[in-house]
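Produce the entire structure from the sequences given, and follow the hints as far as they go.
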Amino acid sequence: MSGNSESKLNGGYYRLMFYAALFGAFSSLLTAGYITLYNLGVKFFAQPNLFLFNINFWPLVLLSVAGVFIGLAIKYFGQHGGLGVAQSQYAQTGHLNYRNLPSILLQGFIALWSGAAVGPEGPLVFLTGGVGSFVSERLKLQKDDVQVLVYSAIAGAFGGFFGSPVLGAVGAFEYMYIKELDFNRHLIPGLIAAAVGYGVYFAILHTSFLGIFSFPNFASLRLVDLGWALLVGVIAGVIGIVFKVIFGIMNKAFGRLNKRPVGRAIIGGVIIGLIGSFLPLTLYSGQNELLQIIHNPTTFGIGILLMMMFVKILLTSTSFATGFEGGPIFPLLFIGGTLGLALSEIITFIPQGVGVLAGMAGVACAAFPLPLTITLLLGLMGGQTDLLPVIAIGAVTGFVVSKALTPLLPKQGKQSAGSSNDKSSQSSETTT
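Mapping to our numbering: the sequence shown position 318 is 318, numbers consecutive.
In case anyone wonders, no lab produced these hints; they're calculated from the structure.
Please note that a few of the clues may not be correct.
Unchecked claim - Taking lysine to any residue and the SDA-like style, the derived pairs with C-alpha atoms no more than 25 angstroms apart in a straight line are:
#1 Lys252 <-> Val68
#2 Lys140 <-> Gly94
#3 Lys143 <-> Gln92
#4 Lys252 <-> Val238
So this is what it looks like as structure tokens:
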């Protein structure tokens, strides 16, 4: 650590720690409210009998209507969210643009409530990071301190939401693509914020991801299971590359409609809703739907599992490409989980827990490079220490396979959602 960094730590370090704790507590309050509203909305809009009696193809109706509202929101307020946008803003300025937060939350809730194949963590980062940026500016802090406290706000949200202080601090660090690691100025405040955030969040909602993907039939880890995890990780890495390719193709295809956001969003809603009417488990973020599949594995054959995997790739890509904003982590876990379950059915020697958790880790880390975060998250979700090596091998293998194969992809396969969203940020200039 440099002398200048040391002097900064000595000057206002304890004040920074105090602010980090406050930011973590306030962030977790926002997170608890956000998740409560998200769950209530999903539960409310998923019941067609509240609107029309015994209507068929309800997802098609709901998502088509949602497409109209999302398109109008983009037309009049612009599209300011998307993959990579928060990370780019943070890297360039050290904070997030909170002025666009209302429109980001509006579009995010419409997408999440309607059943688009996206997760809740995307808008959550904008919410907590944006509010953290706003408060930091009002406190008139130095730029370096603002950067740390915005990160701490996101860490507090992740610590509460994911149910682990360590996961909150590490997850926020990786998710925001912070390149230069300063242990004292980043991880320590982040850990404090995440610990406080976890305590406040758990006191309010009493929920956690601990053990939701447990496998009671998995007795103990064998040496051969590490080899199976490596094999699953390689296949999962390839599927992660397939996700990148399809994601890029969909962004390029719908990018031609960026100046017609209403039409683009309606088309996206119709596609997602029509397919989702036949395969409803491929809608929404995917964690609850994957639990249903894992708890009833005999209900689904290998073909159905693989079909749901590819459909989820298509629906998630279509969601992001047409303005249905959200997060990528939980849909990727669904994709990897269905892949791993199918592989454990094809190769019966692979224990179900090894296949599912290594598949989830491999796909997620291949498509979205968060190896530490995904390993910690799935370790928490699995709730079995014997499976941690399997998760780590799957995550690292998928990450390495992606790094090796990504340079070979055609240019459009590497296009990010964030880049396409920037083009659709025009508001009043666009037409329907």
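- So which of the earlier hints does this model not fit? none
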